[in-house]
Amino acid sequence: MIVIDKLCYSSRLRYTNAEVKFTYAILTLLFCVISRSLVMAAIVLTVNGILTVGKGRIPFVVYRRLMLIPLAFILLSTGAVIVNVSKSPLDAYAIPIGSWYMTGSRASLMFAARLILSAFAAVSCLYFLSLNTTMTDILGVLAKIHCPQMMVELMLLIYRFIFVLTQTASAIQTSQKSRLGYQDFKTSVRSFGQMAAVLFIRALKRSNALYDAMESRGYDGRIRVLQESYPPKRKEIVLVVLFEIALLVGCILQLP
Amino acid sequence: MSEMILQAENICFSYEEDGRRALDNVNLSIKRGSKVAFMGANGSGKSTFFLCLNGIHRPDSGTLYLNGKPFDYSKKGLLDIRRRVGIVFQDPDNQLFSASVSQEISFGILNLGVPEGRAKEEVDGVIERLTITPFRDKPTHALSGGQKKQVSIADILVMHPDVIILDEPASALDPKHTRIVNELVNQLSQEGITILMATHDIDYACAWADEIVLMHDGNVLKQGTPAEVCRDTDALEKTNLEEPMAVRIYRKLCAKGVLGPAEDMPVSMKELEQSIDKIGKDRKSE
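So the sequences go chain by chain: A and B. Residue numbering for the first sequence is 6 to 261, as defined by the working numbering. Residue numbering for the second sequence is 1457 to 1742, as defined by the working numbering.
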């Protein structure tokens, strides 16, 4: 997660209008999931790859590694679709085990392929958004589309304090390590537990201090901040609209 | 308008959690436009007193005055106090709540009800002024300690306060950022902003401040000009402070007969240098 956060600040597409990126990512994701079309998923995967790696200049190696993270989940879940155990063999393949067969039908293989490819395409949409848009910009969009304010404010604070608390945690861990706190399994478990306990107390203290600091600047229960927005370029809007229309047409035509 | 911008009269304050009496009958006055250094051991009540001055803590007894008027703890009154008195907290990580620098700075001014357009101009102005521009597009968690400090000062400055309270601004700063902060503080003070600063550095306090307040066990032990405070060796000892370097050298020079006991004891290196410079001149005029 911290890798993604670092990368999005250096992305070349960072200053592209966040609403355009958001709309593109969400609509494309929806079309991929709805259509389950192999052709469309392949197109979306390629386009997102070009956008993120080519335009956004996210290193390909990192992008590939991130894309492979959900692979295990996707393969596990499609396994159930491909593999059947039955007494009579199906049309795609059949491996006899005693009087039974481990078998699968052509239709189920096709279905699995669709599932895998469209899942990857959907994941690539979300990666496109998170690798090229900063969290604050995403929160800005959420506020604009009238997400509940409390949720947006909570996300803003949580996002900020993830980093403060991980820093605190790693500082505590370093100091524990320097006193041999992690030399074997037993000490590791104990040190980790103590670290977690201290972290919890620190978090409480921090939240009190933060509340004081916010109150001293006139906090009244609503976090008002300026939203930074980068004006959308006409070309970007036109391209996104055309692409989404093409996907919509693809959906309607029920491309394979 | 009254000459005193802030006054405290018999302020007592205890923390609810542990019942510890953090402030015990504090009396003091702060002159408009002055530079006041607050010194005292950790836990002597400096930070608690600062939080009282900003209306975060409400004293159990006693009265605080802003511009001669008692603090008004109504919602509107509090907003006014917080606009006029700003606190830069010691640990920027306890103050910065947003990952975006400009959002962070915009918080205070928007709370004052300033329209977005003007708030944006003000935020951009303060970013430029505090030389935050090179890192304004970085997330706050990627900033260095010194940069975070700059942002936390901008947080307050954007609200155009009359009084700025800095709680140990130089703690954990490298020499470069300490200099940046000190220069900025001098600039602000030249603009007429009253500055209260908690510090443990007596040499800095003596060179910088118009007045020093020594705090001890929730009490004001001594308030006066640096020279007055330095002469009160008992008070210094009680607050675990050593005499400033300049005073120690001055005493040695007096003992050796190089300097005669002057009516104004030099408390900063600059004053000491001036006293030493005078030696030659006196001889020439003789």
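Quick caveat, the hints were computed from the structure, so don't treat them as lab data. Treat the hints with care, since some could be wrong.
[As the list claims (entries may be wrong)] Within a straight-line C-alpha distance of at most 27 Å, the following computed DSSO-like cross-link-like pairs (lysine-lysine) qualify:
#	chain 1	residue 1	chain 2	residue 2
1	A	K149	A	K210
2	B	K1594	A	K149
3	A	K11	B	K1594
4	B	K1694	B	K1487
5	B	K1632	A	K210
6	B	K1576	A	K149
7	B	K1532	B	K1594
8	B	K1678	B	K1712
9	A	K60	B	K1594
10	B	K1734	B	K1708
11	B	K1594	A	K238
12	B	K1678	B	K1708
13	A	K11	A	K191
14	B	K1531	B	K1576
15	B	K1734	B	K1678
16	B	K1712	B	K1726
17	A	K60	A	K240
18	B	K1726	B	K1708
19	B	K1576	A	K238
20	B	K1678	B	K1491
21	B	K1712	B	K1487
[As the list claims (entries may be wrong)] Simulated restraints on C-beta separations:
#	chain 1	residue 1	chain 2	residue 2	range
22	B	Q1643	A	L244	41 to 51 Å
23	A	I167	B	I1732	52 to 62 Å
24	A	L209	B	G1716	53 to 63 Å
25	B	N1696	A	V66	41 to 51 Å
26	B	D1630	A	F65	19 to 29 Å
27	A	P75	B	R1635	26 to 36 Å
28	B	N1498	A	S180	47 to 57 Å
29	B	G1518	A	I206	46 to 56 Å
30	B	H1656	A	Y216	20 to 30 Å
31	B	P1526	A	S180	44 to 54 Å
32	B	N1498	A	V203	42 to 52 Å
33	B	K1712	A	V203	28 to 38 Å
[Claimed, not checked] Residues of chain B clear of chain A, computed beta-carbon distances all greater than 10 Å:
#	residue
34	F1545
35	D1549
36	L1566
Virtual Cβ for every residue (Gly too), placed ideally from N, Cα, C.
Exercise for the section: Find the hints from earlier in the document that the structure breaks and name them by number, from lowest to highest. Expected result: Structure breaks hints 1, 5, 7, 8, 13, 15, 21, 25, 26, 27, 28, 29, 32, 33, 34, 35 and 36.
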